[in-house]
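Q: Single-letter residue listing:
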Amino acid sequence: MMPAARHPTPPTSPLTASTLSAGIVPSEPPTIADDRPVQDSILTPSRWWRVMTVLSLVACLLGLVCLQVGTQYIGVGRIIGLFSSLPFDRPVDERMVDTTGVILFQVRLPRVMLGFLVGSCLASVGVALQALLRNPLADPYVLGVSSGAALGVAVAVLFGIGATVLALSILPVCGFVGGLVALAVIYRMAATHERLPIHSVLLAGVILNAIFSALIMFITSIMEPNRSFGMMAWLMGSLTAPAYPVLAALSGYLLIGLVLLFKHVRVLNILALGEEPARSLGIDTERVKRFIFLVSALMTGAVVSFSGMIGFIGMIVPHAVRLVLGADHRLLLPASALVGGMFLMVADTAARTLFVPSEVPVGVITALAGGPFFVYLLVWRKDRLA
Amino acid sequence: MTRIDSTAQIPGGDLESGLVAHQAYTVGGMHFRYGPSRLQGEPWVLRDVRLDVAQGEILGIVGPNGSGKTSLLKLLAKLAVPQEGEIALFGQPLRSLSHEQVAQTVAVVPQDSPQLFPFTVAETVLMGRFPHRRRSGWSLGFGWEDREDCQAASQAMATMDIAHLAGRAVTDLSGGERQRTMIARALAQAPRVLLLDEPTAFLDLQHQLGICATLRRLCDERGLTVVIVSHDLNLASQYCDRVAMLKAGRMCTVGAPAEVMSVEVLRGVYGCEVLIDAHPQSGLPRITLPRQGMPFRG
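Residue numbers (my numbering), protein chains in the order written: chain A, 1 to 386; chain B, 1 to 298.
Quick caveat, the hints were computed from the structure, so don't treat them as lab data.
Check the hints yourself; a few may be wrong.
[Said to hold, decoys possible] Coverage of chain A stretches by chain B, computed from C-beta distances (three or more under 8 Å per stretch; other residues unrestricted):
| id | region |
| --- | --- |
| 1 | 34-41 |
| 2 | 113-123 |
[Stated by the list, open to error] Okay, the calculated bits of chain B under chain A, using three or more residues with CB under 8 Å as the criterion:
| id | region |
| --- | --- |
| 3 | 99-106 |
| 4 | 114-127 |
| 5 | 143-150 |
| 6 | 285-294 |
C-beta atoms are modelled at their ideal positions from N, C-alpha and C, and glycine is treated no differently.
Pulled out of the complex, with its shape left as it was, chain B reads as follows (with noise of 0.2 Å):
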């Protein structure tokens, strides 16, 4: 199994062909903190960030607690707005697009939170399709959905494997499940850039391993373009083509996971030794936590 994994190898990463027009995201020097701007003692959530996204691309974000992961993802969905810097998308400010066209490129599937309404997972599912909606004065908001919203609903289920759910209440599924809903909400939505922050928390093996491989060939054939957030090493390690790892609101090093992935930089980042050894398949970096007490050979 060969991986193409360096960033030279995307297409635009090129800097003489059209850089901007395969980015997805441009992040440039940006700054950001919660609360109002004249809040000037609030601590930087994130300090002078840069930061490029291919077109077509996994990239993971990783890092300890409290290091901005979320908060960066919020950002690329235009949910906050930084103080400091500029996110252009496809080589548009983000400043300049309206909350509208951002959600009709870019989906966001949140952290998992629980349901209070039961909506079934189809109504769910079928709530991605708002931002494709068909505006008519007259139809009083109701804005039925339309045979091509049933079509990518079935399909997004169908792809996150609950097609057997639509009838359930979401109010009634396992975390899991429900994550499955979110991810395929997000699906229906049609975008060029999903946004995943923890996908895989609350899913078993079998589902965890599903939607990466999903992931995988929506990039592949699509040129679906995936940033995920994850305290999942291993899984940035294997399923990520470029893995971002910020400390402490800062940008440490974005690269390839067989490049980042190395004992001295995850004990710089997480301040912890680990045991890094080559995956039997992929050959890619393997993380393993060592145990307390016993003889350490990193």
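One chain only, chain A, in its complex shape (with noise of 0.2 Å):
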């Protein structure tokens, strides 16, 4: 039965932009809705704040760990003893009262701490383009944005930007430029398809990684042969143990990027739904898309100029976290972060240590573990790409 009058006055007054945004919906009484279904089925602070505290926890474990291993095991208690026993304020070289101290402090720890950074900016960045491209098989390996960045690095190492201090800061940019350009690629088009076929995308990372690789393969053969076997082992990913310094750029690198992906990880999630809903919720989505875009490249850029080509982690790790914590960037990113971390510490710790006295590189690990992931998840949970 309609009733006969079957609309509201209408309001009188004139419609501005404030009397357009009123909502309707929201202003039905409150206790009407019992929202704890809602509650309960959605991330929450408190959990959040939960998972993010054992994450970090077990990352500290696990860290502690891997500084024991090694070819010469060092127990908890004289680690312990070497972090606290020496105050910090003296310079370091005062520190290394024994060769225990001098392979803790410059050889492993430096090791640990870029392990864990490159693996976490390497799955943020996995996160990230997951998201944008809405294909859970973007990895910045996969899709060529690592073999970019490589190349750019490759051509600054050719034209003698070597190991300088100048070098710490202008590799990056060569990386972030080589990436910059793999990206522009995926977002042409990512921008002319309505929406992106994910097989596509992974083909044109596999043109685009054939196209990078042979520009490498040519810069490598053209140089000195000791330069060109440094740059072989650079390229197959490795964490050899850095100075400070350049710890201290990469975790700058790294910090500012996860910054500003944060700041938008509400904004992920929804593009994640897809980019027509996304815009129709108010989005400015190419604006967004070229931003993430943009911090991918820089953080994949520093990285790659750092330790070369590691494979997979932003594949992997991001899909891992995401079948066991659920979607929610808010906490996938995050969480991913400290896994990724997590994961290249102990792949590179088993790098260094599963074949003692020769070192096998960790992105040999990585891409041992991650192939067959891939493969997997292509071929068996196809129902889930479609």
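Could you fit the two chains together into a complex? Lean on the hints.
A: This is the structure:
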């Protein structure tokens, strides 16, 4: 039965932008809806803090374990002793009372820290790219962003920007430019298609990888042999103990990148839902996409210039974290950063201890773990990749 | 059951008293095509479309495949911008409104598309609250939902009969459940205008009826304006106050279902014969597809 007067009295005041935004639905009495089911099935701040606390503690413990293991075993007591007995206000040299101290502070600690930083950087970029391209297989390595960055760095090295202090600041920028080229191609592809099919993005990545690899090979082949050997070792992905200023520079890049990504976590959620829904919710999708692509290129460029091409972390880690913790990027991004850090830390520990006295490039380990996982997703979880 | 269907009785349909304020949309002489404007060769998707949508009415947009229905909906949501002509939303030109402002007024339910990321249903519905978020610089984009957001989401989920699915992942839903989730998201957005693209395509009979009844109720009780793109002529006839028929990018006819749903009009628009009789309950036109090879008595 329809009442005769179906419409409420229309507003008499002239419409302005503010009256336009006046909502209708929430003006109902709030007691009607029981929001318990909603509260139970979303990410709440308390759950966020719980998960992040646990993950941080686990990361610290794992870090401690990685510091212990190596050609020379250093016990936990010794590590804590070395950390606490030596006041940090004294110069680093004075802490190097014995070889154990030297190994811990000049070799293992910077290496473990670098592993953590690189891993968390790659995992965060993976999260961002997957949401932007709505492609659970996106990863800076698979999409050719890493090899673009590597090409940028290789060109810089070819023209003699080597192991100088200047290189610290310039190489990441070269990597950034190289990575940007790859992302620009993918962005153009994504812009011309309404809904970019997953497999065409992957194909674009394959082709970009092939082109960039060929150019890198070309550059290495015209280099002096001793330099090209170092280049090959770097390309395979290595975390050889860096100096502390290098570490500080990388953490700078990582921190800036992470903060910029964090500013967009809620937008990433909505972009993951689809481009048109995102626009109808008032998001300037083109601006956000360009921005996130820039940040991703910056972070990838920095990482690649320090540690070469370490693959698949950006794909495996977000996937695993999403399965366990859900898809909300507010938790997914920081949790993936922590888990990615842990993953690479452990992978690198394996790389330097499993085949003593020789050392495997850590990129080999992550590729051996990630490649089969990629195939598994592509073949057996096809239904999810629609 | 008596229905008031003619446009004359909708408040604001009266030219004398503030036409603009009571029109949800005024579309005048609009031309639209996809692609950058330098591609002059592209055919128009919509040509010289004129349309008024009154506040609180349900307008159905019907027409053959490729007639520009979905494009028209996108233009109304400012997801696309017309090359010529003007669209006004509650008297304000759509061009002058930011996407943000439009999102606070207009909610869109797009055609169904599969989801890739396992957000829960509750999380998905809560995304509709995004245009109403509080802005504070130091929260780093986290913007946790507050009580009001959760209330609005629960309300919308109860309305769409998906409260029991709150914790399920959208990737595991059936097409109809996903569709209802998306409508709930749009309702949580607290819009004054709701634009739906094929909202009943994946729904079973019970939920088709449920959604139509819900939309009717929201229009009657709260003056929500609804524009539905649909292939279902019977749904358009029974539940829409007015029906707009598009053919090849042109607006053929707009009017109450009883006026426009005739054998002649449908033959002109769709190019085929249909049977039309009166719905046994409402007396409104009921459209039936004829069976090939049987004597035709329209």
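Q: Indicate, hint by hint, whether the structure satisfies it.
A: How the hints compare with the structure:
{"no.": "1", "hint": "34-41", "verdict": "holds (count 7)"}
{"no.": "2", "hint": "113-123", "verdict": "violated (count 0)"}
{"no.": "3", "hint": "99-106", "verdict": "holds (count 8)"}
{"no.": "4", "hint": "114-127", "verdict": "holds (count 14)"}
{"no.": "5", "hint": "143-150", "verdict": "holds (count 6)"}
{"no.": "6", "hint": "285-294", "verdict": "violated (count 0)"}
The structure fails to meet hints 2 and 6 from the earlier list, while all remaining hints are met.
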